[in-house]
Amino acid sequence: MAKFVMISLTRGTPFRLVAMSNSSIPTSTTGTPLVKRGLAEMMKGGVIMDVVTAEQAKIAEDAGAVAVMALERVPADIRAQGGVSRMSDPDMIDSIINSVSIPVMAKARIGHFVEAQILESLGVDYIDESEVLSPADYVHHINKWNFKVPFVCGATNLGEALRRITEGAAMIRSKGEAGTGDVSEAMKHIRTISGQIRDLSAKTEDELFVAAKELQAPFELVREIATTGKLPVTMFVAGGVATPADAALMMQLGADGVFVGSGIFKSGNPEARAKAIVKATTFYNDPSVLAQVSRGLGEAMVGINVSDLPAPHRLAERGW
Amino acid sequence: MPAPIGVLALQGDFREHRQTLAAIDVDSIEVRTLGDLSKCAGLIIPGGESTVMQKLAVAYDLFDPLHDALKAGLPTFGTCAGLIVLADEIIDGIAGQAGFGGLDVSVRRNAFGNQLDSFEVDLEFKGVTGPAVHAAFIRAPIVERIGEGVEILSKLSDGRVVGVRQNNLMGISFHPEVTGETRIHELFVSMVRGI
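Chains P and U supply the protein sequences, listed in that same order. Residue numbers for the first sequence follow our numbering, so the first one is 1059 and each next one is one higher. Residue numbers for the second sequence follow our numbering, so the first one is -14 and each next one is one higher.
In isolation and in its complexed conformation, chain P is listed as follows (with noise of 0.2 Å):
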């Protein structure tokens, strides 16, 4: 039988039940907002890189992913296809949780929560909600409080992360355009986010509740956002990253670390592009670094520009 207790999230938000588990350590806590909040603390500073064998996760793991998203088509290749895309299959993941030490994550559709259960029951350490895969519905994202495994989720902009975390995410990434190796739209989101937090810092107490109803994000969490001038969760950055001067633009702006997805496994030298896009995202800040890793990586993903794509088959559009 689980036990609940009460545990207090941050300064002023509501309490949550939190189950806790009846693990060989007596009086110990699993699945708390801090432990799912703190595994993004520690992948801070690197890169997570997309997968879709347990080959490819080697080679990730290898080049230095602090974690690996095991995905059945990579975006590039989801875009190209069409179709409705679904969580991978389990045997897939298995194989993949076999084959590698770091942390593996899994994509489920937005608000499909049965994907999510099986894929904490399968022992993924993270799942990403994601606005890759098609949504399975339109009005509700997942409750993730009621999951011990953490989520991260996208957002475009600040409301959207605050909404996010309100149902439990424990680590945001902004959207970007998934599959285009197009860094545009990660830049758009990343500067929205980061403006809209200094907005916040900038207001009187008084005009944090008329900004709590236009973010449409909860009024003590845009309070303590004004208030400590950042996410109470990591923010990383996604969508088009594709080479390590992009990684490297990101963590300038502030992002905490990088997801890659088709940037790696749709290059022509996928390892010494993974090796160059980890060490750029170390030495974001050292030019000289930089250049060196640029070298010779053979050819980056055949890009498709964001303003080219017809409206619905933007990505970021989903979720809201």
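Distance ranges between label pairs, derived from CB positions:
#1 P:S1352 x U:G20: 18 to 28 Å
#2 U:G58 x P:G1354: 40 to 50 Å
#3 U:I9 x P:N1204: 33 to 43 Å
#4 U:R168 x P:T1285: 20 to 30 Å
Over the 10 Å line for every Cβ pair with chain U, so calculated as not near, a few chain P residues:
#5 Q1139
#6 V1142
#7 I1176
#8 A1194
#9 W1203
#10 N1204
#11 N1215
#12 D1257
#13 A1270
#14 E1278
#15 R1281
#16 G1312
Worth flagging that the hints you see were computed from the coordinates, not collected in a lab. Everything numeric in this text was worked out from a predicted model, so none of it was measured. Using N, Cα and C, we set each Cβ at its ideal position, and we do this for glycine too.
Fit chain U to the known structure of chain P by using the hints.
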């Protein structure tokens, strides 16, 4: 003014360590190069991915200098991944995984399982007085073998070792830097200042 404490800033939660040091009024710098390393009176190796820290240290010619500095007596404190890279033997590492070494212990990576097994618990910690230390274990390692001259600082209630010290090196499985616990950092600063 005393020399600052360095925090290895290749990857991981190095900012939280710097904030914890700032909270006890201790100056710190981020260590990414040999030049940075030479300025520090002590070093903290943060939580993160031990495999990644090793690769980045090798790529940036820090691996051997760190090994040498630790051997020469640089006071060093590792949390989680930091404990792993201090250990002489790493169990369940990836092929070719090695740390900077110096701590005569064997440490098992991901000893509790995957993220679903990450947990919080209260602990006793040698040298820390007052209330119990509230500890967060996140895909944490444990110490499975203790060499001669290694002092046990903390154990779980089932006896598994999660904190050790040998001469200038201290390593723990958990993350005081994410729970707002400052007393273990204070202990390390006393180690550095030789108090």
